[in-house]
Amino acid sequence: MKVLLENVSVKFPAWNMDNISFEIPSGSFTSIVGPSGSGKTTILRCICGLQEMVSGKIFFSEKDVTQIPPEKRNAGVVFQGDSLFSHLNVFENVAFGLEMKKSEKISQKVVAALKTVNLEGFEKRNVETLSGGERKRVAIARAIASEPDILLLDEPLNGLDAALKEKMKFFLNELREKTSLTMVLVTHDIDEAFFLSDRIIVMNSGKIEQIGSPIEIFSTPKSDFVREFVKDYILVEGAEKTRNGKKFVEAKFSLPAKGKGKHFISLKKTNYRLFH
Amino acid sequence: MDFRVGKNNYLRLSLIAFFTAFFLFFFFYPLAIVLLKSISLNQNSFSDFISILVENKTLIWNSFYQASISTIFSLLVGIPAAYLIARKDFPGKKIVKAISLVPFVFPSVLVVLAFVILLGNNGWVNSILKNLFGFHIQFLYGFLGIILAHVFFNFPIVMRFVSSSWENLDVKMKESAKTLGANNFDVFLRITLPQLLPSIIASASLVFIFCFTSFAIITTLGGLQFSTLEVEIYRQILRNLDFATGAFFALFQFIVLSIIASLYFYFSKKHSVSQKSNREPLSKFNFSSLRGIAEFSFLIFIIVIALLPIFAIAVFAFFDPSTGDFTLRAFEKIFSVSNVTLFETNAITAVLLSLFLAFFAALVSSFLGLIASLKQTNVPFVNFFASCSIAVSVITLAFGYYLGFGSGQLLIIAIGHSILAFPFAFRIINNALLQVDSESIDSAKTLGADDVSVFIKIQFPRIKKALIASMAFAFAISLGELGLVLVLYDGIFATMPVYIYRLISTYDLFAAGAMGFLLFAFSFIAFYAIEFFSNDAEVF
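As given, the protein sequences belong to chains A and B, one line each in that order. Position 211, counted from 1, in the first sequence is what our numbering calls 211; the numbers after and before it change by one each time, with no gaps. Position 2, counted from 1, in the second sequence is what our numbering calls 2; the numbers after and before it change by one each time, with no gaps.
Hints may contain errors.
In silico DSS-like cross-links for lysine-lysine, where the CA-CA straight-line distance does not exceed 30 Å [as the list claims (entries may be wrong)]:
#: 1; chain 1: A; residue 1: K57; chain 2: B; residue 2: K375
#: 2; chain 1: A; residue 1: K11; chain 2: B; residue 2: K88
#: 3; chain 1: B; residue 1: K464; chain 2: A; residue 2: K124
#: 4; chain 1: A; residue 1: K72; chain 2: B; residue 2: K375
#: 5; chain 1: A; residue 1: K109; chain 2: B; residue 2: K457
#: 6; chain 1: A; residue 1: K105; chain 2: B; residue 2: K457
#: 7; chain 1: B; residue 1: K465; chain 2: A; residue 2: K11
#: 8; chain 1: A; residue 1: K115; chain 2: B; residue 2: K464
#: 9; chain 1: A; residue 1: K101; chain 2: B; residue 2: K464
#: 10; chain 1: A; residue 1: K72; chain 2: B; residue 2: K464
#: 11; chain 1: A; residue 1: K11; chain 2: B; residue 2: K269
#: 12; chain 1: B; residue 1: K464; chain 2: A; residue 2: K102
#: 13; chain 1: B; residue 1: K88; chain 2: A; residue 2: K102
#: 14; chain 1: B; residue 1: K457; chain 2: A; residue 2: K124
#: 15; chain 1: A; residue 1: K101; chain 2: B; residue 2: K375
#: 16; chain 1: B; residue 1: K174; chain 2: B; residue 2: K88
#: 17; chain 1: B; residue 1: K465; chain 2: A; residue 2: K124
#: 18; chain 1: B; residue 1: K457; chain 2: A; residue 2: K101
#: 19; chain 1: A; residue 1: K72; chain 2: B; residue 2: K457
#: 20; chain 1: B; residue 1: K375; chain 2: A; residue 2: K102
Using C-beta positions, here's what the derived DEER-type ranges look like [what the hints assert, rightly or not]:
#: 21; chain 1: B; residue 1: K93; chain 2: A; residue 2: S180; range: 55 to 61 Å
#: 22; chain 1: B; residue 1: D48; chain 2: A; residue 2: G37; range: 55 to 61 Å
#: 23; chain 1: B; residue 1: L24; chain 2: A; residue 2: W15; range: 35 to 41 Å
It should be emphasised that the hints constitute simulated quantities derived from the structure, not laboratory data. Backbone N, C-alpha and C define an ideal beta-carbon position, used for all residues, glycine too.
Could you put together the complete structure from these sequences and hints?
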């Protein structure tokens, strides 16, 4: 589902966010990236209806939802602290939204949602006994169980250790392929944004610095802030090669030399992304 | 910062209207009447007010003096007690910690009763002294009696506040100070004490307020010549029928209490305890050192002074001093049909009335506390309502009801008890609701839960226990409340505390012991419920 923000303004005691407008195309994976306090979570809260706005409008598809309360918007949200209901077990957590929406075939839908997040058989588990990654996945299952129009993820990888973060990144990719949901990811980590999204919104102190595809953000940063943000990344154009019947992409890049003698460059296999 | 739509739904608006109307009508209106009455004193200028104050300087001096001395001694007992709880590991610690509820749930009239039994001229201590040494000490009916009772009653407040911040001091700061060359004394003076100061000042101001407005202890243990503002307000209303003077004293007291109450609120905010992970490990008593023995003796001292009054009342209820046996005669006496006319009311009615008021206050104050605490209602000025009530003494409120609604109305007394219990109910429920993280609530909303469903499905299951604790707290407060009923009962409704108070005044300690035991038993049930259902941090 397409989401449109039109001149959204929010007022806080200490800072303001003025006239934010952008569109989230249907079926896209959009990341909102920026340092803490840049307003990215606020935008997420505006989309799902939790944030009181001073002015502006929000459209889901063509429908104006500005006056619709969060419980009627059908936006799935995964909050930063995962916010599982500690007094309910896994099944009851995932079923919560379905019950609220008086959905039919609740248990089938819960099982299906748990299957999507690879947690089959976890229904009866107490949420306090789950690991960090499992908790996140239950939170995601809870958000997607009632088939939301859009899935909003607020720093879903925060607080996970490095190995788990990598796993969860692949999981989110997989989730997107499985569900073809429109997804919005809020993160301070440009790595995640590059790895996962096809559109990136860079924010800084309540303003949008740039919107574009990862390649655009890389290759033509529009401001010093964005340039600073992506300066540690290397984008190289590659050429397709076939070797022993397998396709490869080959690329050349150079790094400033240090010292004398033999040089080595190390790369992490998991931390790259191929764009077309 | 709540959501935009559904914010002004009718349910929310009617809850806010109910809450605000309740407080305006049953708190601010009576208060306003009292304050307006004070103007009718025919004193037109500021210097006239000053001259009334000068005329009554002994009274004012007495109020400040006894409250200050009581506070100082409560600190002297309470701070070492806080140290024991925060730093020592010993069996039964939970029970010692539970003592801190005493000032809130133990009826003041029972303190009076216990003190008369123990320290009266013919009390246990003096009987022993007379038999062994042939002399006795006049503990009660004077300044000493007031101070002893106030310290017994209030040191637990200091203990509770100070120990909770002492427990949570970051041990790393202490360790850093030591690596920088500080010895134990330096550490205490430069690191520990400054961090405890907010909780010390907060608890001291609360104790000061409680002692300043103390009623039963002053009138019975203070003797005739010793009076304070609170007692004088009562006398002016009910004995002299001089409402204007009574109201003037109430106004002056209100100003004093407001200043002290702001101190309390300022420092209790700073005191708010954050749970830190770097707690210092607890140590056991070291009986081979003088310090360890002193610490242990002090612990025993606290336990004895906390339990002795309860023990005294329990024994006295069943012990007939004229025959020297254990009997149920005291109970027979108060409940016998022939004794119906002992006072204006009989014992059974007193018990039933007390229970009615306590249940009413439990339900109403907890309901008000819930409305005030819920995010969904977001009642304006809630904290203002809650803080105001601490600066208004019970007798002042009773005076306002007396002038505004007349005496002899049971429902007004019940509402008054609900108002008195409200700050406690609000605090317990609010703290419990704050534990429910806002993300859970936001999640529930995005999953389709409206305000009511959020309450039923997310908040209520997590605050069930706190609600019970809050009701138990309000129950106990209403059960032990004396001043309001004394002013308003108009000879028709005597509650258990009034009944006991009257019996003590006529020196019928045997019968007072029986009723005291019953009152204690009910209070103890409430006390146990609070202990069982509340977290440590929730109450104060």
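task: Give me the numbers of the hints this structure contradicts, sorted from smallest to largest.
output: Going through the list in order, the structure violates hints 2, 7, 8 and 13 and respects the others.
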